[in-house]
Each structure stands twice: as structure tokens, then as C-alpha cells.
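Novice: Sequence:
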Amino acid sequence: MNAPHIHRQRRTFSASKAVEVQGSILTEIKSDDEITFKDMARVLGRSEDRAAIYAAGGSAMDLPTFLAGCDVWGGRFADPLLRLANGRWAEAGSICTSDDRAALTLAMLLPAIMEIEEDGVTEAEELRPHAELIRRVHSLTRRWLDMLAQSHS
Numbered sequence: 004m005n006a007p008h009i010h011r012q013r014r015t016f017s018a019s020k021a022v023e024v025q026g027s028i029l030t031e032i033k034s035d036d037e038i039t040f041k042d043m044a045r046v047l048g049r050s051e052d053r054a055a056i057y058a059a060g061g062s063a064m065d066l067p068t069f070l071a072g073c074d075v076w077g078g079r080f081a082d083p084l085l086r087l088a089n090g091r092w093a094e095a096g097s098i099c100t101s102d103d104r105a106a107l108t109l110a111m112l113l114p115a116i117m118e119i120e121e122d123g124v125t126e127a128e129e130l131r132p133h134a135e136l137i138r139r140v141h142s143l144t145r146r147w148l149d150m151l152a153q154s155h156s
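With this note's numbering, the residue at position 29 of the sequence shown is 32, and numbering never jumps.
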């Protein structure tokens with residue numbers, strides 16, 4: 004087996020587990036949102052009977068139905084299912100550069116920059132060992148500035 008992208012180490016799950024999780028999520032959403040199967044069917048683009056079957060864990064839903072649920076319920080609906088495959092939901096426009104927190108990236112760069120600026124002269128050779136962090140901070144601040152600009156439009 005020479006295809007590591009296919010034969011990699013990963014969690015496995017059964018189709019029945021996915022259908023069970025799907026049913027649990029839909030049942031929880033129905034209860035939390037105080038909606039009927041008719042309301043759920045409208046969201047999913049399916050019949051009321053089919054929505055009830057999905058919520059009971061009696062049948063797997065197809066991709067268009069899953070995406071319809073994602074469109075309305077987002078991560079509440081998608082995350083428990085995506086976690087089965089080590090995934091998670093992110094809204095369009097979300098900043099998902101890595102699992103690192105932005106504050107951590109800034110905190111890692113700050114001591115180095117303080118040391119470099121101590122003599123009052125900053126040279127490229129002093130910055131070079133920190134180039135990757137500087138690029139990450141630049142990427143973060145650029146996105147933040149874009150977010151600010153969009154929020155004022």
C-alpha cells in the first residue's frame with residue numbers, strides 16, 4: 004500500500020454510526036428549536052415522513068439534503084457528523100489559517116522583535132530567522148484590516 008493519502012492512519016466509523024449521529028442531531032435540533040417534522044422537511048427539501056425517518060436514524064441522507072441542513076443550521080448540524088471524519092464546520096469568510104490562536108502567534112514573535120529593536124537599529128539579517136512568524140503575523144493583521152474595512156462598508 005503506497006498511497007498514504009488513502010491508507011493513512013485515521014479514525015474509522017461505520018455508516019450506522021453516522022446515521023445514528025445524524026438522527027441524534029436532528030432530534031436535538033427539533034427539540035431545541037421547537038420545530039415540527041414539517042418545518043424540518045422544509046429545511047431539508049424532503050417530505051415530512053422522510054424528515055421523521057432521518058431524525059429516527061432510519062436512513063442516511065444524501066449530500067444535497069445534508070448541505071440544505073448545513074445551510075440553515077451550520078455547525079450545530081454539521082460538526083457532530085464532520086467530527087466522525089476529523090472535520091469541522093467553518094462559515095464562509097472564517098479565518099481558519101491553523102489551529103494556532105492569533106494571540107499565540109503574536110506572543111511568539113514579540114520577544115524576538117523586542118530584542119532586535121533593543122539597539123534602535125533593525126536589520127534584515129536580524130529579522131531573517133523570524134521570517135515565518137513575521138509572515139504569519141502579516142497575514143493575520145491583513146485579514147483583520149480587511150474585516151474592519153468590510154464592517155464599515
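Honestly, the hints are just simulated from the structure, not real lab data.
In this text, a Cβ means the ideal position worked out from N, Cα and C, and glycines have one as well.
Hints may contain errors.
Stated by the list, open to error - Each pair of labels, with its calculated beta carbon distance range:
1. Ser154 x Gly61: 43 to 51 Å
2. Ile137 x Glu37: 44 to 52 Å
3. Ser17 x Gly48: 44 to 52 Å
4. Ala106 x Thr30: 36 to 44 Å
Novice: Hints first: check each against the structure and report whether it holds.
Specialist: Hint check results:
no.: 1; hint: Ser154 x Gly61: 43 to 51 Å; in the structure: holds, 44 Å
no.: 2; hint: Ile137 x Glu37: 44 to 52 Å; in the structure: holds, 51 Å
no.: 3; hint: Ser17 x Gly48: 44 to 52 Å; in the structure: violated, 26 Å
no.: 4; hint: Ala106 x Thr30: 36 to 44 Å; in the structure: holds, 38 Å
This entry does not satisfy hint 3, going by the numbered hints stated previously; all others are met.
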